[in-house]
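Peer 1: So the protein lines, in turn, are chains A and B.
No gaps in the numbering here: position 94 of the first sequence is 94 in the working numbering, and each next residue is one more.
No gaps in the numbering here: position 114 of the second sequence is 114 in the working numbering, and each next residue is one more.
FYI, nobody ran anything at the bench for these hints, they're computed from the structure.
A couple of the hints might just be wrong.
Derived DSS-like pairs: lysine-lysine, alpha-carbon spacing no greater than 30 Å straight-line [unchecked claim]:
(1) Lys230/A - Lys90/B
(2) Lys16/A - Lys65/A
(3) Lys256/B - Lys10/B
(4) Lys115/A - Lys163/B
(5) Lys23/B - Lys10/B
(6) Lys339/B - Lys163/B
(7) Lys23/B - Lys209/B
(8) Lys230/A - Lys163/B
(9) Lys80/A - Lys12/A
The structure presented is a predicted model; accordingly, all values stated were derived computationally and were not measured.
Chain by chain, the residues:
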Amino acid sequence: MNIGFSTGSISKGDFKKAIEILRYSTANVIELSALRENELENLINSLDDLNLRQFDYVSFHAPSKLYKHSEEWLIEKLQKVIKREINIIVHPDIIVEIKKWRSLGCFLCIENMDKRKPVGRTSQDLENIFSSLPEAKFCLDLAHARQVDPSMTETLTMIKKFRNRLSQIHLSDVNSQSIHEPLNLESILFYHKVSPYIDHNIPIVLESPVHEENIEREIQLAELIFNNEKFNTLMSSLNIRLHSLSGQFYEG
Amino acid sequence: MSIIEEFAKKKSKNWDEIFNAEKVTADNFNLIRKQLLASDFSLTSSDAELVVFGSIARNECTSHSDVDWTLLVDGQANPNHLNVAHLIEKNLVSTGLAKHGTSGMFGQITFSHDLIHYVGGQDDTNHNLSKRILLLLESASITNSGNEQGTALDRVIRGIIGKYIDNDSGYAASGKENVPRFLLNDIIRFWRTMCVDFAYKQIEQHGQKWALRNIKLRMARRLIFVKGLLMCAKLYNTQLSLDEIKQELRKFALMKPLEFMVSTFLEFNIQEDYIVKILDAYNSYLGMLNDESFRHAMSTLDMHQAYGNEKFEYARENSHLFLDGLASIFLKDSNEIGKFTIKYGVF
Numbered sequence: 001m002n003i004g005f006s007t008g009s010i011s012k013g014d015f016k017k018a019i020e021i022l023r024y025s026t027a028n029v030i031e032l033s034a035l036r037e038n039e040l041e042n043l044i045n046s047l048d049d050l051n052l053r054q055f056d057y058v059s060f061h062a063p064s065k066l067y068k069h070s071e072e073w074l075i076e077k078l079q080k081v082i083k084r085e086i087n088i089i090v091h092p093d094i095i096v097e098i099k100k101w102r103s104l105g106c107f108l109c110i111e112n113m114d115k116r117k118p119v120g121r122t123s124q125d126l127e128n129i130f131s132s133l134p135e136a137k138f139c140l141d142l143a144h145a146r147q148v149d150p151s152m153t154e155t156l157t158m159i160k161k162f163r164n165r166l167s168q169i170h171l172s173d174v175n176s177q178s179i180h181e182p183l184n185l186e187s188i189l190f191y192h193k194v195s196p197y198i199d200h201n202i203p204i205v206l207e208s209p210v211h212e213e214n215i216e217r218e219i220q221l222a223e224l225i226f227n228n229e230k231f232n233t234l235m236s237s238l239n240i241r242l243h244s245l246s247g248q249f250y251e252g
Numbered sequence: 001m002s003i004i005e006e007f008a009k010k011k012s013k014n015w016d017e018i019f020n021a022e023k024v025t026a027d028n029f030n031l032i033r034k035q036l037l038a039s040d041f042s043l044t045s046s047d048a049e050l051v052v053f054g055s056i057a058r059n060e061c062t063s064h065s066d067v068d069w070t071l072l073v074d075g076q077a078n079p080n081h082l083n084v085a086h087l088i089e090k091n092l093v094s095t096g097l098a099k100h101g102t103s104g105m106f107g108q109i110t111f112s113h114d115l116i117h118y119v120g121g122q123d124d125t126n127h128n129l130s131k132r133i134l135l136l137l138e139s140a141s142i143t144n145s146g147n148e149q150g151t152a153l154d155r156v157i158r159g160i161i162g163k164y165i166d167n168d169s170g171y172a173a174s175g176k177e178n179v180p181r182f183l184l185n186d187i188i189r190f191w192r193t194m195c196v197d198f199a200y201k202q203i204e205q206h207g208q209k210w211a212l213r214n215i216k217l218r219m220a221r222r223l224i225f226v227k228g229l230l231m232c233a234k235l236y237n238t239q240l241s242l243d244e245i246k247q248e249l250r251k252f253a254l255m256k257p258l259e260f261m262v263s264t265f266l267e268f269n270i271q272e273d274y275i276v277k278i279l280d281a282y283n284s285y286l287g288m289l290n291d292e293s294f295r296h297a298m299s300t301l302d303m304h305q306a307y308g309n310e311k312f313e314y315a316r317e318n319s320h321l322f323l324d325g326l327a328s329i330f331l332k333d334s335n336e337i338g339k340f341t342i343k344y345g346v347f
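With the rest of the complex left out, here is chain B:
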């Protein structure tokens, strides 16, 4: 039984949209594996791996979810990676879970070198930053073709975490109250980048799908930012060694955002009413995404008509409940998460 299921039982709640999304996600995973691994052998060596992001990686698929994917290469580049990537695309498209030629960020090959070496600086593009942080916050392996050296995904996650922790000057001064600031700053930068990109897409795409993106930004995107903050908050004032911190972060990275959030709140003895409020709102959000008429309405709604549209307003108000719940935790100094956020989250 998952932590959320246990908590639901304790609070006599039925977050059926959350639990249904887990089932849909499992079905989607099975469908992709069946389609891609039908021939019963791996697509690549352990140097590469099919990695997914987004709702499927968060365990939050609804009936209309698509799949954001990349062929993550952590090893010698070779010309057949492209053939394998094309095969993946064709087969994912045939499942109906992906589209041809999606935007530059997903649906292609990603090399570990850029993710690990270009943290900050001119070469750390929006795509590079996003993929790097998404690997820590919401990523999952489809093929899991690892050996004793681990999977490509696991190696890259370890490499990224190592980069942040080994180069964190704050940790160099031992015995001091501290947090992984290098990582925290990049997670905050990623969240703000998502917010700025929201406005960028609004301009570039003339407001197309603005309402749907707006609701997702308020909920799912905010959720993964929360996961990132909590990953750092859990290491606030820790007595762990640097190696132990890296192990902990790796463990956190593998956890689903919603599950990680709830377990962390419970660990920090957060008032349960706040957690219920947050989960109620998130459950409603997933229900809305699962509703074809809602998705269609949000996909076609003109941004100038959104404020005043009944469905949009309902989703917006729901997002306020979600945010209120989070603010009750993160912006109050009555708990350790709040103390951490107030001290490190803004300045």
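Only chain A is shown next, with the shape it has when bound in the complex:
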């Protein structure tokens, strides 16, 4: 499988350190995170020097909020990233003038949002956004989607509606305060429910804040969500039978 981490999850604000740590892991996916505005220029200016050879998939996370700079400034900066032909993950609530974002073409990758954000939380929200951004791709954040709809129906709708745009998965848990947390039994049960509907070749970016020693365990937990055999082994070892009639959705 293609599984790796966001640099921000491994070492907040220090992408070089995160890359170095991940170098010794089995991660073959990496998302370079400039989630905070002040991290952007340094990361973009360092792109040529980063050794990312071990990663089969690389993406870039744009800042989630702008305090000092304008939307135009950000889009201009991101042009340097798309020259490397890597997906740029963008939170829809940062978009003001949507047409301007078309310049990022098929490398613009819109992420669904958690309950705090005013837009991008539901499939309907995203449909409105994608209607103005025909080339844009989709990053499905399973934790955000689960928080917005714990029945996972909204998640399934997003997967089905935007199947052709789906380019990467964000994986972690989020608590009620919308803080990312490591995977746990509760979240694994949720995500396994929709995993059969996700192409297993799609890169998975873990956003779980974990210490170095727990990186491999988190990757294994992510694999387990998408691997029925491993999932069932875990369920038997935990002596658990799911409360719902079926752990997964029926096709229909």
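Could you slot chain B onto chain A? The hints should help.
Peer 2: Just chain B now, with coordinates in the frame of chain A:
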């Protein structure tokens, strides 16, 4: 070395049943953690936490103790909380420390909303009142899966304390001699509720396990009431700010009842003979609970035969020693705890 150990050393006492119970409790904690966290990852996000009450939370497990637990949810409700609760139940049952389908109060999910918002009023049920006060008097976390926002247990304890202190009209008049009356009244209400429920269960269950419940009410239940009283007594005439009072109460809530009681008595310079008498009696009580033949006899003893039964009478007399020790402190105006109780504990 714990305060009780230090005190035992000072008084040349060996309260071995108390110290043994601490070891058994630690073993039980390890057993549960091993069983539940064998897969090396959390069961839930930090929105939820496995919380235990009763002897395991008081550090007083004996060889026959069981575990009262709840999955405390302080956050968004979701359907998988029930799956996790079922997993917890199955695994606790497999350790032999819990039973399937225990009464409605424990062994299921508890939401923080009711605990914090329904204090008094029609929706504050017996279970809600009991769980809320027990969180302050005898609760402990098994999983401790917190982050920078704290654990669910810690957040809920803070929320409950905030509710009592921020809505205490007495504190609104600054500079006056005062106590956290809202909290104190609820602790007294909880103690009386336990006593009334004892009679209720006697009627409902046709006297089954009456003797064992009676002895526990006299000792362990009374001990946690004492902890509650002392939590308020320690804030009697305090010069602390409201925020500091809340911090203090949180600190008190995290302490084990017996340890908290002894440390408070020593802090108030209570006559040490009284403390020894109380600990002697409590040590004997734990010894009785650790004795299988005693437990069996008390579990099966008909309530009509209890007065006159040698074992029951022995336990009852021991409880009188415990109560005498407490009365020597709480009902005498020669110390600050007594002055507090006489002024606020009854009327």
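Peer 1: Each hint needs a verdict: does it hold in this structure or not?
Peer 2: For each hint, the structure was consulted:
1. With a C-alpha separation of about 21 Å, the suggested pairing of Lys230/A with Lys90/B holds against the 30 Å cut-off.
2. Among the hinted pairs, Lys16/A with Lys65/A is consistent with the structure: their alpha-carbon atoms are about 22 Å apart, no more than 30 Å.
3. In summary, the hint linking Lys256/B to Lys10/B is supported, as the alpha carbons are separated by about 21 Å, within the 30 Å threshold.
4. Pair hint Lys115/A plus Lys163/B holds up; C-alpha atoms about 27 Å apart against a cutoff of 30 Å.
5. Between the alpha carbons of Lys23/B and Lys10/B the distance comes to roughly 21 Å, so the proposed pair stays at or under 30 Å and holds.
6. The suggested pairing of Lys339/B with Lys163/B holds, with an alpha-carbon distance near 26 Å, which does not exceed 30 Å.
7. Between the alpha carbons of Lys23/B and Lys209/B the distance comes to roughly 27 Å, so the proposed pair stays at or under 30 Å and holds.
8. Our distance criterion of 30 Å between C-alpha atoms is broken by Lys230/A and Lys163/B, whose separation comes to about 46 Å.
9. The suggested pairing of Lys80/A with Lys12/A holds, with an alpha-carbon distance near 23 Å, which does not exceed 30 Å.
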